[in-house]
Amino acid sequence: MSAAGRSWVTAGRFELMIQNVTTRDARYPIGHGHGSDAIHRDPVYSYAVTQLHDDTGRIGAGLAFTLGEGNQLVCEAARFYAQRLVGKSIEEIMADFGALQHAMADEQQFRWLGPHKGIVQLALASVTNACWDLWAKSRGVPLWKLLLELTPEQIVATLDLSYLEDELTTPLALQILREHQATRRSREGILKTGYPGYDTSVGWFNYDDEQVRENCKRALAAGFTAMKLKVGSRDPDRDLRRAHIVREVAGDTARVMVDANQQWTLPQALDICQRLRAIDPFWIEEPTHPDDVLGHKTLADAIAPTKLALGEHVPNRVVFKNYLQAKCAGFIQVDAVRVAGVSEFLAVSLLCRKFGVPVVPHVGDMGQLHQHLVLFNHIALGHEVVFLEHIPHLREHFVNPCQVKGGVYVTPQEAGASCDLKP
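Using the numbering used here, read the sequence shown as starting at 664 and increasing by one per residue.
Source of the hints: derived by calculation from the structure; they are not laboratory data. Among the clues, some could well be false.
[Unchecked claim] List time: in silico DSS-like cross-link candidates among lysine-lysine, alpha-carbon distance up to 27 angstroms: (1) K1017 <-> K780; (2) K780 <-> K1068; (3) K855 <-> K1068; (4) K780 <-> K984; (5) K751 <-> K808; (6) K780 <-> K990; (7) K1068 <-> K808; (8) K1017 <-> K970; (9) K984 <-> K1017; (10) K880 <-> K808.
[To be verified] Label-pair distances were calculated between CB atoms; the ranges are: (11) G781 <-> S825: 15 to 25 angstroms; (12) E1077 <-> G886: 20 to 30 angstroms; (13) Y826 <-> G733: 23 to 33 angstroms; (14) D900 <-> K855: 43 to 53 angstroms; (15) S849 <-> S825: 27 to 37 angstroms; (16) E1047 <-> G733: 35 to 45 angstroms; (17) P834 <-> E1047: 16 to 26 angstroms.
From the three backbone atoms N, C-alpha and C, an ideal C-beta is built for every residue, glycine too.
Turn these sequences into a full structure, and let the hints steer you where they fit.
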């Protein structure tokens, strides 16, 4: 069994080779105002999908999220990266995946196009997530279970911690994982109760006021205790009026968040965020340009104790490190289909654990992948349970869509990362 692409034996077991790779440009116009925000008025929810095919015909599926045009470019880049996996077993790949991901990110033909951002970073997300999906499927377990069964050493071996060494070294990452092992059992109850969600679809930007009001009522009836409104209008009074509608319907006990999707300049944000404090927001999300760390620091200091949430458009662990060092992020919204996949998500989660900042992911995957990752974060790292964003608009396109009942994510049981799309 020496030929490439055939099963081989190591440590007394068969390991299956990746025979070939394919990519898929999957686009889903959603219409009706769904998904709209202050910047993206007519989005086409899209995935650059990497598919890794092993000897058995098993397929590892990985997603990167875009909003339409350019999705094919991410697919091309993902195909370039994924080709180097052909002829290797998934166990071999994941045994030292951190080093492999570092090497792919430093690929001389592509690094100039990044580094660690843009099309090449999204391509790495797609390939990385396909590897994790195939690894979980090859072991016959959901991704959350695979993650919890790995030793701290195995977890850290999947991570590229370069450029984090001033805050997170390999020994410190291992220490964080080990020190929470003794108390893991006390947090495993989340697997039975499920992870709470929040409704991010009550207040898309293009919805009129009455639709926002009715959506808030439906969210409460469905069991959600937190909901989010899109803001960033040219007329701030529209934002304030709609924010008061949400707070009025939600009542005093529900959590209400607002999201500007980077629309405001810093002077605008300083003004409108002060006025939005009247509704007691749980957070204000993406108030200004995602690269402006110092601008967010100025804003966070000005509106404290109201907190900022950010990360949807933060492309890599280094920028997240800067935000944490600046102490201006109340919540980190790292997205595993935006950064370089599950491995970089875990690196950022470890970094956040060190700084004591909650991870509340943005869900470009519609929560499919992240429902696994938040379980790991809570059980293995001791991250507090906040909630996970829920967006229902692509449910019909997934083979195993996430199940949200009574406002709570039901723990998935199917093998893999829940990212398989229907043909």
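Hints, verified against the model:
1. K1017 <-> K780: 24 angstroms, holds
2. K780 <-> K1068: The given pair, whose Cα atoms are some 36 angstroms apart, is violated under the 27 angstroms limit.
3. K855 <-> K1068: 13 angstroms, holds
4. K780 <-> K984: With Cα atoms ~15 angstroms apart, K780 and K984 stay inside 27 angstroms; holds.
5. K751 <-> K808: 24 angstroms, holds
6. K780 <-> K990: Satisfied, since the Cα-Cα distance of roughly 23 angstroms is no more than 27 angstroms.
7. K1068 <-> K808: Judged against 27 angstroms, a Cα distance of about 21 angstroms means the pair holds.
8. K1017 <-> K970: 19 angstroms, holds
9. K984 <-> K1017: 11 angstroms, holds
10. K880 <-> K808: Not satisfied, since the Cα-Cα distance of roughly 35 angstroms exceeds 27 angstroms.
11. G781 <-> S825: 15 to 25 angstroms: 18 angstroms, holds
12. E1077 <-> G886: 20 to 30 angstroms: 23 angstroms, holds
13. Y826 <-> G733: 23 to 33 angstroms: 26 angstroms, holds
14. D900 <-> K855: 43 to 53 angstroms: 46 angstroms, holds
15. S849 <-> S825: 27 to 37 angstroms: Roughly 34 angstroms apart at Cβ, these two residues keep to the hinted range, so it holds.
16. E1047 <-> G733: 35 to 45 angstroms: 36 angstroms, holds
17. P834 <-> E1047: 16 to 26 angstroms: Holds - the Cβ-Cβ distance for P834 and E1047, about 25 angstroms, lies within 16 to 26 angstroms.
Hint compliance for this structure: hints 2, 10 are broken, all remaining hints hold.
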